[in-house]
Amino acid sequence: MSKTLSAKSHSLPAKVWAGYALLALALLVAPFIVGQVGGNAWVRILDFALLYIMLALGLNIVVGFAGLLDLGYIAFYAVGAYLYALLASAHFDYHVSAWIILPIGALLACFFGAMLGAPTLKLRGDYLAVVTLGFGEIVRLFMNNLDRPFNLTNGPQGISGIDPVSVAGYGLNKGITLFGQHFPSSYAYYYLFLVCMLLVVFVCIRLENSRLGRAWVAIREDEIAAQAMGINTRNVKLLAFALGASFGGVAGGLFSGFQGFVSPESFTLMESVMVLCMVVLGGMGHIPGVILGAILLTITPEVLREVINPLQRSLFGRSVVDPENLRMVLFGLALVLVMLFRPAGLWPSQRRREELEDDA
Amino acid sequence: MSDVLLRAEKIGKVFGGLKALHDVSLTIPRNCIYGLIGPNGAGKTTLFNVITGLYKADGGTLELNGKSLIGCKPHTIVRCGVARTFQNIRLFGHMTAQENVMVARHTHLKAGVFGAIFRPPAVRREEAACRAEALRLLQYVGIGSQANRVARELSYGDQRRLEIARALATEPQLLALDEPAAGMNPTERETLKNLLLQIRNDGTTLLLIEHDVKLVLGICDQLSVLNFGQCIAQGTPEQVRRDPAVISAYLGSSAA
Ligand SMILES: Nc1ncnc2c1ncn2[C@@H]1O[C@H](COP(=O)(O)OP(=O)(O)OP(=O)(O)O)[C@@H](O)[C@H]1O
Ligand SMILES: [Mg+2]
Numbered sequence: 000m001s002k003t004l005s006a007k008s009h010s011l012p013a014k015v016w017a018g019y020a021l022l023a024l025a026l027l028v029a030p031f032i033v034g035q036v037g038g039n040a041w042v043r044i045l046d047f048a049l050l051y052i053m054l055a056l057g058l059n060i061v062v063g064f065a066g067l068l069d070l071g072y073i074a075f076y077a078v079g080a081y082l083y084a085l086l087a088s089a090h091f092d093y094h095v096s097a098w099i100i101l102p103i104g105a106l107l108a109c110f111f112g113a114m115l116g117a118p119t120l121k122l123r124g125d126y127l128a129v130v131t132l133g134f135g136e137i138v139r140l141f142m143n144n145l146d147r148p149f150n151l152t153n154g155p156q157g158i159s160g161i162d163p164v165s166v167a168g169y170g171l172n173k174g175i176t177l178f179g180q181h182f183p184s185s186y187a188y189y190y191l192f193l194v195c196m197l198l199v200v201f202v203c204i205r206l207e208n209s210r211l212g213r214a215w216v217a218i219r220e221d222e223i224a225a226q227a228m229g230i231n232t233r234n235v236k237l238l239a240f241a242l243g244a245s246f247g248g249v250a251g252g253l254f255s256g257f258q259g260f261v262s263p264e265s266f267t268l269m270e271s272v273m274v275l276c277m278v279v280l281g282g283m284g285h286i287p288g289v290i291l292g293a294i295l296l297t298i299t300p301e302v303l304r305e306v307i308n309p310l311q312r313s314l315f316g317r318s319v320v321d322p323e324n325l326r327m328v329l330f331g332l333a334l335v336l337v338m339l340f341r342p343a344g345l346w347p348s349q350r351r352r353e354e355l356e357d358d359a
Numbered sequence: 000m001s002d003v004l005l006r007a008e009k010i011g012k013v014f015g016g017l018k019a020l021h022d023v024s025l026t027i028p029r030n031c032i033y034g035l036i037g038p039n040g041a042g043k044t045t046l047f048n049v050i051t052g053l054y055k056a057d058g059g060t061l062e063l064n065g066k067s068l069i070g071c072k073p074h075t076i077v078r079c080g081v082a083r084t085f086q087n088i089r090l091f092g093h094m095t096a097q098e099n100v101m102v103a104r105h106t107h108l109k110a111g112v113f114g115a116i117f118r119p120p121a122v123r124r125e126e127a128a129c130r131a132e133a134l135r136l137l138q139y140v141g142i143g144s145q146a147n148r149v150a151r152e153l154s155y156g157d158q159r160r161l162e163i164a165r166a167l168a169t170e171p172q173l174l175a176l177d178e179p180a181a182g183m184n185p186t187e188r189e190t191l192k193n194l195l196l197q198i199r200n201d202g203t204t205l206l207l208i209e210h211d212v213k214l215v216l217g218i219c220d221q222l223s224v225l226n227f228g229q230c231i232a233q234g235t236p237e238q239v240r241r242d243p244a245v246i247s248a249y250l251g252s253s254a255a
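Protein sequence lines, in the order shown, are assigned to chains A and B. The letter at position 3 of the first sequence is residue 2 when you use numbering that gives the first Met the number 0, and the numbering goes up by one with no holes. The letter at position 151 of the second sequence is residue 150 when you use numbering that gives the first Met the number 0, and the numbering goes up by one with no holes.
Chain A with its partners taken away, still in its complex shape (with noise of 0.2 Å):
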């Protein structure tokens, strides 16, 4: 009897334990098998999904785990990705490592958020909304044009020739070589990109689990409530902000090596808009959730890309419409069929179903 049972109780965490080795495994080897499917573009788009989901996760402190919603967080990948293009670039002539330029980038990033959330945290929902809709706007503007009086940022033209980041002396842009085959510059990004992807997982989750999540949910169920049981709600709210402000920061750096080129264009409303709804879309509040909403943000344009205009030509001999704004209007469409039939995401916890459901 209590053979079977210690039996049965063991044979769940085999099956987990066997579980996660897969998806460790389906990790390490994804770039070689869509880089063998599809190509380098598609390596260099699982890179961009990767910095996606860390962008998707940090907005989901703000606005899923704590209930401030901000339509400007891109503005903390914009300073990220410019301090990074500052400092290791020809543009000023500094070679930082980017070891050093990361951890920097996210306190900066981390004192923006603390500077746009200090004043403006007072404001309701839709007002904070408009507040930081504006700093977005803001600082992709200065980005714009602070290439006068003094030429800080080259204005729209944007900096080029960022140095890459090198691990352990090693630049990731010579891309690795592996059983005599070489394999482009993705191919590397994509396992640094991974775990730094995966360490913000894990800082996600360790946060959840404490007593600043707690507070958080506390402020998003009930504020009065929260304030009753002696939270400070302005200085938990603020290190919300701080802190989601900081991942995009580590994001925006690792962009700017990435791709060698920052210009403002890459920081657009489009952008914060699109972060959003990878965590509205996914699930706010659940870590799952917004990694699945931030995967299938990025993949399915992509597909959409390749398939439309083939798709077109066969079936009327020629492009009729543009598969770009073809590619918005799908997208309008799928998030509102979304928003329909699932309001809670597509993978929400358990709570954030029932929240939605009371408030139905």
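Be a bit skeptical, because a hint or two may be false.
25 Å max Cα-Cα, derived DMTMM-like pairs, lysine to aspartate or glutamate [said to hold, decoys possible]: (1) B:K72 - A:D221; (2) B:K55 - A:E222; (3) B:K66 - B:E125.
Because the hints were derived from the structure by calculation, they are not lab data. This one's a predicted model, so the numbers in the text were calculated from it and none came from an experiment.
Let chain A serve as the given structure and place chain B with the ligands on it in line with the hints.
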């Protein structure tokens, strides 16, 4: 230390033209159950909100242990030692009962961002202790078996008791309860009465708003009666029961 815990003097609060509180004064001694009664709309909850910092008083003084609370934010007042429950229950509905109580331990835990991320032994111990303390408090108020249930699924009476456990978790000197017996049946009321006496005996002073006159007169050591924002009588239950102003206020309001 003097045996006065809370002293409020000439507290006033106006909403638009309505004088919700007008020169209300009361003195709560340590280790007692202090009752606050009065007809609907008398200003009882408003006084609670002023004491706990949710509303700013328009005038008057308010001191806990001789230290002024006027102008303090709600979360500071909790740290000074005043905890409360709400008339319209305000639990964190989608958290479990235990998590609700753990939230209220917030100020007694130290883990910051780095503590939360790296979870060193001190933080682990602190979290385990917090979990255990939350469970102990749930058992103390008699809902230990409900620890893992989501708060909004609990029965009305259990939700009220969970609010008490949550407030106790802040380790208050003064526990302010806004109609804790509302919606309870007679048996639940009896258990609640014993719980309140127990809390008092364990060293926490209680400030109690309650419409159940039998309950109030049965367990309060002293009480104040509010009517139209004014304090019309104060004293022991015996004195208050005989007070002509109280009798006419209650009869007047029930006749109307
Ligand atoms: N935030 C507010 N804004 C405007 N008026 C308010 C506000 N809060 C309370 N009041 C008014 O102040 C008066 C006192 O209300 P209060 O809630 O303190 O009464 P109460 O004694 O708690 O009554 P009850 O027994 O019904 O809970 C009422 O007339 C109420 O309408
Ligand atoms: Mg009331």
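A quick look at each hint next to the structure:
no.	hint	verdict
1	B:K72 - A:D221	holds, 16 Å
2	B:K55 - A:E222	holds, 18 Å
3	B:K66 - B:E125	violated, 30 Å
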